[in-house]
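Student: Given next are the chains, with one letter for each unit.
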Amino acid sequence: MATDVLSLTFSALADPTRRAILGRLSAGEASVKELARPFRISLPGISKHLKVLERAGLVARSRAAQWRPCRLRPAPLKQVSDWTEEYRQHWEGRFDRLGEYLAEIQRPGKKSPNPPKHGK
Amino acid sequence: MENSTPTTKEFALTRQFAAPRALVFQALTEADRLARWWGPKDFAMVSAKVDLRPGGLFHYQMLSPEGHVMWGRFAYREIVAPERIVFTNSFSDAAGGVTRAPFSPTWPLEVLNTLTLTEAAGLTTVTLRGGPVNATPEERRTFEGHFTSMQQGFGGTFDQLAAYLAKL
Chain G
1 MATDVLSLTF SALADPTRRA ILGRLSAGEA SVKELARPFR ISLPGISKHL
51 KVLERAGLVA RSRAAQWRPC RLRPAPLKQV SDWTEEYRQH WEGRFDRLGE
101 YLAEIQRPGK KSPNPPKHGK
Chain L
1 MENSTPTTKE FALTRQFAAP RALVFQALTE ADRLARWWGP KDFAMVSAKV
51 DLRPGGLFHY QMLSPEGHVM WGRFAYREIV APERIVFTNS FSDAAGGVTR
101 APFSPTWPLE VLNTLTLTEA AGLTTVTLRG GPVNATPEER RTFEGHFTSM
151 QQGFGGTFDQ LAAYLAKL
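If you're matching them up, the sequences are chains G and L in order. Take 1 as the starting number for the first sequence in our numbering and just add one per residue. Take 1 as the starting number for the second sequence in our numbering and just add one per residue.
In isolation and in its complexed conformation, chain L is listed as follows (with noise of 0.2 Å):
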C-alpha cells in the first residue's frame, strides 16, 4: 500500500549508506563482495566474475531457493571510481549472452542503470537512475530522454493520468 500517487521519484532512488565512499563502491564493484550481497534474498551466488572496464561484464550465476540456476549480468558503459558506474543489467547464460526475464516476457531485455556516489560526514549517498532500454546508441539516446519526460510527465501534466491510472 506504497504510493498510490506516483511521483518523479519512480526513476531515481536514494539509498544513505553509513560507510565511507571507497568502501561502498568496492561493496558495488568487486567480485567477491558482490557476491555476499547481490541478487535476492535467499539466493546463493554460485559464481561471480568482474571484469571492471567499459566494455566488461560482471558476470554472476545463481541458485534460487528451489534449486534452479539462474544466470545475471552487467555490461559496464562507464566507470569513474568512486563515483559513477553506469551498466546495463540482464538475465544471461552461461555464456555470457543476454537472455528474456525467466519469469516476464514483457520484462525489458536489458535495464540501464546509472548508480551515483556522494559522501558527506562519513555517510554515502548513492542515487540509481534507470530503465529499460534497447540496444543501439540511438533507442539509447531517446531512452535517457524518456528518463526525464517520465518524471517532467508523471509530476507535472501527468497528474490526473496518474491517479487514474492508480485506480485501475
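So that you can see chain G by itself, here it is in the shape it has in the complex (with noise of 0.2 Å):
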C-alpha cells in the first residue's frame, strides 16, 4: 500500500493541475477561488484537488481566516528532491564502478572473454 511519505507525495504530484496549484502556492498563501482562477476547473474539482495535496501532507489550510487561505508546506517535496538526489548519486557510484570494470577487462594483454574488436 502507498502510504510512506514519498509515495503519497509522488502520487499527489502525478496531475500536472496539482502541480500547478503547488506552483502557486510557491508564491504564497492562495483562497480556493483564486487558486481556481487561472485553471478551467469547477470550484469543487479544484477542492478535490486540494484534499488530496492535503493528505499528502502538501497543503495547509487555515482556519484563522474565513477565506481559509491555502499554503505550501515543503517537507514532502524536499523529501522526494531529496530522494531523488540520493538515487542519483547512487547509480553515478555504480556506473563509475561499471567502467573501470569495463576498460580493465578490455585493457590490451588482458584475456578478454568477448574481443571488443569493432573495426570502424
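If you're looking for bench data, these hints aren't it; they were derived computationally from the structure. Since we're looking at a predicted model, the values are computed, not measured. We put the beta carbon where it would ideally sit given N, CA and C, even for glycine. Heads up, a few of these hints could be off.
Simulated restraints on C-beta separations [said to hold, decoys possible]: (1) Glu-92/G with Arg-53/L: 26 to 34 Å; (2) Lys-48/G with Arg-84/L: 32 to 40 Å; (3) Val-98/L with Gln-66/G: 43 to 51 Å; (4) Gln-89/G with Val-98/L: 21 to 29 Å.
Join the two chains into one complex using the hints; note that each chain is given alone, in its own frame.
Tutor: Structure follows, in C-alpha cells:
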C-alpha cells in the first residue's frame, strides 16, 4: 500500500493541475477562488485536488481566516527531491565502477572473453 | 554543490562506456561480472546468483568495510538482450525477500529501474530511468506516470517551486 511519504507525494504530484497549484502556492498563500482562476475547473474540482494535496501533507488550510487560505507545506517535496538526489548519486557511483571494470577487462594483454574488435 | 536547480534529468541518468553493447550487457547481467563492480566502493561481494528471466532474481550478499552483512536483490521484470533490462532493486535477506533499507525508514521498499543500452561507433550508451515503486500493477502504472509528471513538473511550471525547494 502506498502509505509512505514518498509514494503519497509522488501520487499527489502525478497530476498537472495539482503541480500548478503547488507552483502557485510557492509564491504565497491563496484562497480556493484565487487558485481556481487560472484553470478551467470548477471550485469543487479545485477543492478535490486540494484534498489530495492536503492528504499528502503538501498543503495546509488555515482555519483562522474566513477565506481559509491555502499554504504550501514543502517538507514532503523536499523529501522527494532529496531522495532523487540520493538515487542519482547511487547510480553515478555504480556507473563509475562499471566503467572501471569494463576498461580493466578490455585492457590489451588482458585475456578478454569477448574481444571488442569492432573496426570502424 | 552540484545542482541548485533540479532539472528534468533527475530520473534519467545517461552514461557512455567505451565497450561494445554485448559486453556491457554481460557486465550488467552475469553474476561473476556483477560481482566485480556492483555495490558501493569498498564493499566486498560475498555471493551473487543470477536467474535472468522475468520473475527471476539477482540475489547478492555484500560485506561492508565494518563487517556488516548486507543482502540485496534485483527482481527482473523484462529482459531484452542486449537492449533493455527492467528490474526492481531492493534490500533483501538470506531467503531472498524484500526488506527495508537499513539506513532509512523512508527509502522506498523497492525501486523500479529501466536500463536501456544503445551502441554507436563502438561506444555504448546506458540510460537509467527509475524511482520508487509499489507492488501492485495499478500502483506501478500510476508510478510510471509519475516519472513523466515529475520530469515535466520540475522542467516546466514547477521551476518556481524547485527554486524555492533548493533554498530550504
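Student: Would you mind marking each hint as holding or not holding in the structure?
Tutor: Evaluated hints:
1. Glu-92/G with Arg-53/L: 26 to 34 Å: holds, 29 Å
2. Lys-48/G with Arg-84/L: 32 to 40 Å: holds, 38 Å
3. Val-98/L with Gln-66/G: 43 to 51 Å: Holds, at about 49 Å.
4. Gln-89/G with Val-98/L: 21 to 29 Å: holds, 22 Å
Consistency note: the structure conflicts with none of the earlier hints.
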